[in-house]
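The primary structure of each chain is shown beneath.
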Amino acid sequence: MIRDITLGQYYQADSVIHKLDPRVKLTATLAFIISLFVVQSWIGYVVAAVFLAVVIKLSKVPFGYMVKGMKAIVFILLITVVFNLFLTPGEPLVTLWKLTITKEGARIAGMMAIRLSFLIIGSSVMTLTTTPNSLTDGMEKLMRPLKLFKVPVHEVAMMMSIALRFIPILLEETDKIMKAQIARGADFESGNLIKKAKAMVPLLVPLFISAFRRANDLAMAMEARCYRGGENRTKMKPLQYKARDRIAYGVLAAYFAGCVLIRIYL
Amino acid sequence: MSLILDHVNYIYGGDTALAVHALKDVNLVIPDGQFIGLIGHTGSGKSTLVQHLNGLIKPTSGSIYYNGEDIHAEDYDKKKLRSKVGLVFQYPEHQLFEIDVFKDVCFGPKNLGLSKQETELRAYAALKQVGIEDDYFYQSPFDLSGGQKRRVAIAGVLAMKPEILILDEPTAGLDPKGRDEILDQIAKLKEETGITVILVSHSMEDVAKYVERIIVMNRGSVLYDDVPREVFQHYKELEQVGLAAPQVTYIMQALAARGIPVRTDVTTIEEARQEILRRYV
Numbered sequence: 013m014i015r016d017i018t019l020g021q022y023y024q025a026d027s028v029i030h031k032l033d034p035r036v037k038l039t040a041t042l043a044f045i046i047s048l049f050v051v052q053s054w055i056g057y058v059v060a061a062v063f064l065a066v067v068i069k070l071s072k073v074p075f076g077y078m079v080k081g082m083k084a085i086v087f088i089l090l091i092t093v094v095f096n097l098f099l100t101p102g103e104p105l106v107t108l109w110k111l112t113i114t115k116e117g118a119r120i121a122g123m124m125a126i127r128l129s130f131l132i133i134g135s136s137v138m139t140l141t142t143t144p145n146s147l148t149d150g151m152e153k154l155m156r157p158l159k160l161f162k163v164p165v166h167e168v169a170m171m172m173s174i175a176l177r178f179i180p181i182l183l184e185e186t187d188k189i190m191k192a193q194i195a196r197g198a199d200f201e202s203g204n205l206i207k208k209a210k211a212m213v214p215l216l217v218p219l220f221i222s223a224f225r226r227a228n229d230l231a232m233a234m235e236a237r238c239y240r241g242g243e244n245r246t247k248m249k250p251l252q253y254k255a256r257d258r259i260a261y262g263v264l265a266a267y268f269a270g271c272v273l274i275r276i277y278l
Numbered sequence: 002m003s004l005i006l007d008h009v010n011y012i013y014g015g016d017t018a019l020a021v022h023a024l025k026d027v028n029l030v031i032p033d034g035q036f037i038g039l040i041g042h043t044g045s046g047k048s049t050l051v052q053h054l055n056g057l058i059k060p061t062s063g064s065i066y067y068n069g070e071d072i073h074a075e076d077y078d079k080k081k082l083r084s085k086v087g088l089v090f091q092y093p094e095h096q097l098f099e100i101d102v103f104k105d106v107c108f109g110p111k112n113l114g115l116s117k118q119e120t121e122l123r124a125y126a127a128l129k130q131v132g133i134e135d136d137y138f139y140q141s142p143f144d145l146s147g148g149q150k151r152r153v154a155i156a157g158v159l160a161m162k163p164e165i166l167i168l169d170e171p172t173a174g175l176d177p178k179g180r181d182e183i184l185d186q187i188a189k190l191k192e193e194t195g196i197t198v199i200l201v202s203h204s205m206e207d208v209a210k211y212v213e214r215i216i217v218m219n220r221g222s223v224l225y226d227d228v229p230r231e232v233f234q235h236y237k238e239l240e241q242v243g244l245a246a247p248q249v250t251y252i253m254q255a256l257a258a259r260g261i262p263v264r265t266d267v268t269t270i271e272e273a274r275q276e277i278l279r280r281y282v
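Top line first, the protein sequences correspond to chains A and B.
What the first sequence shows, in my numbering, is residues 13 to 278, in sequence order.
What the second sequence shows, in my numbering, is residues 2 to 282, in sequence order.
Any given hint could turn out to be false.
Restricting the straight-line Cα-Cα distance to at most 25 Å, the calculated cross-link-like pairs of lysine-lysine (DSS-like) are [as the list claims (entries may be wrong)]:
id	chain 1	residue 1	chain 2	residue 2
1	A	K153	A	K83
2	A	K207	B	K178
3	B	K104	A	K208
4	A	K210	B	K117
5	A	K188	B	K59
6	A	K188	B	K162
7	B	K191	B	K150
8	A	K210	B	K237
9	B	K178	A	K208
10	A	K208	B	K189
11	A	K191	B	K210
12	B	K129	B	K189
13	B	K59	B	K25
14	A	K188	A	K162
15	A	K80	A	K69
16	B	K210	B	K191
17	A	K159	A	K207
18	B	K191	B	K129
19	B	K85	A	K191
20	B	K150	B	K85
21	A	K83	A	K162
22	A	K31	A	K110
23	B	K189	B	K178
24	B	K178	A	K210
25	B	K129	B	K117
26	B	K237	A	K191
27	B	K210	A	K207
28	A	K207	B	K189
29	A	K188	B	K117
30	A	K31	A	K191
31	A	K83	A	K72
32	B	K189	A	K188
33	B	K80	B	K117
34	B	K210	B	K237
35	A	K207	B	K129
36	A	K188	B	K81
37	A	K188	B	K150
38	A	K191	B	K59
Hints were generated in silico from the structure; no laboratory data involved.
Computed from a prediction, not measured in an experiment: that's the story for all the values here.
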């Protein structure tokens with residue numbers, strides 16, 4: 013049930029994408045997201061789709077895994093599509109009772125749906141192929157210039173990595189507590205909204221307590237190993253660009269340039 | 002009145018590369034009133050097995066019958082099954098959530114739709130059964146000690162008056178005193194009410210003293226299913242699957258190996274003592 017949320021979960025496989033430097037993958041994800049907003053024509057989305065498809069194919073992660081992450085945003089997606097579909101003024105296409113679908117509305121709704129789903133799938137590719145550890149390593153390195161403005165880069169990166177690391181643990185914990193309460197006759201499925209919300213109490217209270225307990229334990233364990241922030245801290249495996257990373261940057265630049273050209277000329 | 006498992010198979014992570022065959026063709030009959038020890042190494046499938054018994058997990062193939070009815074039939078009332086087959090999870094104290102001990106124990110019976118009076122009577126009786134004093138009833142469950150929390154959590158399941166009580170590693174993480182207290186209370190409860198008890202553990206030592214039947218799990222299959230003295234005769238095979246027989250078994254085997262004619266199938270220290278005394282006095 014809840015285990016179906018894959019956002020922030022790593023999928024073990026031996027692929028080129030897995031081996032890429034996390035900085036490349038972070039930059040690529042960011043560039044991909046921006047490119048989705050740069051292109052505004054169907055051809056552009058076809059290019060983005062092809063790019064995404066190739067990356068997914070290379071990553072060796074089953075496509076089903078990526079789509080699973082989409083389940084979480086189906087609701088948001090639906091609302092966006094419906095609102096855009098019916099509330100965009102323009103040339104009427106179909107009229108259903110008092111609601112009118114306009115040509116512009118259909119266009120914007122379609123693009124929004126594509127944008128949102130590509131956005132989620134694109135970021136899932138990154139989290140599915142990068143361990144939380146290397147992800148934060150990459151983030152720390154990329155954000156290093158911000159240190160000049162007194163941004164606690166290392167601390168932010170550490171918090172992110174811990175948060176990511178806790179997602180699967182807390183999901184598992186939720187599953188366990190849920191089962192334990194079901195065994196005591198709890199009912200999480202039937203009833204109206206208020207009843208359902210109330211039924212969540214026996215799940216949420218133990219979950220919060222366990223999250224706090226885990227956080228406490230972790231803080232203690234880190235302190236016991238003399239962790240004191242990023243100052244003078246060295247890495248066991250410092251990040252280094254390799255040939256494949258340079259090639260990846262090249263491919264990325266070509267893709268991005270392509271998107272910009274499509275925006276300008278098509 | 003019994004629980005029957007018929008060719009039960011369970012596979013985790015169905016069609017992914019990470020699929021794990023957690024249960025392989027498990028066939029068991031659990032008659033009324035038995036005290037059973039379910040033993041297995043970590044990852045042997047014992048926790049998966051017990052979650053099948055109250056319908057929390059649906060077997061990939063095979064069927065489970067309670068009192069002759071298939072528990073996964075369309076019209077079967079799972080809620081009722083869960084009140085009859087009480088499952089106490091590992092570290093059950095992690096599921097406490099109410100503002101006081103008494104309310105927490107009331108949660109189970111309340112979910113069964115019982116009257117307020119009946120609910121409170123059951124909660125009171127359950128707390129007494131696990132040896133929690135009245136003074137603690139209106140304290141926050143989070144202020145209790147580890148052993149007390151666990152007993153409150155067990156009371157939470159007992160209050161539903163199950164006919165089969167399953168305890169998954171009820172002594173994990175407790176000190177020897179807390180462990181003996183819990184096990185003694187479970188044994189006492191079993192004697193007084195005559196319910197079926199299934200004790201899941203990885204320690205033979207823990208269960209040998211109490212149970213009348215031991216089911217040994219290994220890699221998802223049932224390896225042995227017999228009375229304790231028979232199971233312990235396989236102490237060498239048990240070691241191979243990461244388990245061990247009680248220490249008295251080793252002592253008696255060592256004595257016998259030195260040519261001292263003692264019985265080797267004793268299961269408790271008391272029995273061993275009498276056997277050795279019989280030989281020398």
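Cross-check of the supplied hints:
{"no.": "1", "hint": "A:K153 - A:K83", "in the structure": "32 Å, violated"}
{"no.": "2", "hint": "A:K207 - B:K178", "in the structure": "42 Å, violated"}
{"no.": "3", "hint": "B:K104 - A:K208", "in the structure": "20 Å, holds"}
{"no.": "4", "hint": "A:K210 - B:K117", "in the structure": "19 Å, holds"}
{"no.": "5", "hint": "A:K188 - B:K59", "in the structure": "16 Å, holds"}
{"no.": "6", "hint": "A:K188 - B:K162", "in the structure": "22 Å, holds"}
{"no.": "7", "hint": "B:K191 - B:K150", "in the structure": "21 Å, holds"}
{"no.": "8", "hint": "A:K210 - B:K237", "in the structure": "53 Å, violated"}
{"no.": "9", "hint": "B:K178 - A:K208", "in the structure": "41 Å, violated"}
{"no.": "10", "hint": "A:K208 - B:K189", "in the structure": "38 Å, violated"}
{"no.": "11", "hint": "A:K191 - B:K210", "in the structure": "30 Å, violated"}
{"no.": "12", "hint": "B:K129 - B:K189", "in the structure": "12 Å, holds"}
{"no.": "13", "hint": "B:K59 - B:K25", "in the structure": "14 Å, holds"}
{"no.": "14", "hint": "A:K188 - A:K162", "in the structure": "42 Å, violated"}
{"no.": "15", "hint": "A:K80 - A:K69", "in the structure": "17 Å, holds"}
{"no.": "16", "hint": "B:K210 - B:K191", "in the structure": "14 Å, holds"}
{"no.": "17", "hint": "A:K159 - A:K207", "in the structure": "49 Å, violated"}
{"no.": "18", "hint": "B:K191 - B:K129", "in the structure": "14 Å, holds"}
{"no.": "19", "hint": "B:K85 - A:K191", "in the structure": "16 Å, holds"}
{"no.": "20", "hint": "B:K150 - B:K85", "in the structure": "23 Å, holds"}
{"no.": "21", "hint": "A:K83 - A:K162", "in the structure": "39 Å, violated"}
{"no.": "22", "hint": "A:K31 - A:K110", "in the structure": "54 Å, violated"}
{"no.": "23", "hint": "B:K189 - B:K178", "in the structure": "16 Å, holds"}
{"no.": "24", "hint": "B:K178 - A:K210", "in the structure": "38 Å, violated"}
{"no.": "25", "hint": "B:K129 - B:K117", "in the structure": "18 Å, holds"}
{"no.": "26", "hint": "B:K237 - A:K191", "in the structure": "36 Å, violated"}
{"no.": "27", "hint": "B:K210 - A:K207", "in the structure": "46 Å, violated"}
{"no.": "28", "hint": "A:K207 - B:K189", "in the structure": "39 Å, violated"}
{"no.": "29", "hint": "A:K188 - B:K117", "in the structure": "28 Å, violated"}
{"no.": "30", "hint": "A:K31 - A:K191", "in the structure": "38 Å, violated"}
{"no.": "31", "hint": "A:K83 - A:K72", "in the structure": "21 Å, holds"}
{"no.": "32", "hint": "B:K189 - A:K188", "in the structure": "29 Å, violated"}
{"no.": "33", "hint": "B:K80 - B:K117", "in the structure": "19 Å, holds"}
{"no.": "34", "hint": "B:K210 - B:K237", "in the structure": "20 Å, holds"}
{"no.": "35", "hint": "A:K207 - B:K129", "in the structure": "32 Å, violated"}
{"no.": "36", "hint": "A:K188 - B:K81", "in the structure": "20 Å, holds"}
{"no.": "37", "hint": "A:K188 - B:K150", "in the structure": "18 Å, holds"}
{"no.": "38", "hint": "A:K191 - B:K59", "in the structure": "13 Å, holds"}
In this structure, the earlier hints numbered 1, 2, 8, 9, 10, 11, 14, 17, 21, 22, 24, 26, 27, 28, 29, 30, 32 and 35 are contradicted, and the remaining ones agree with it.
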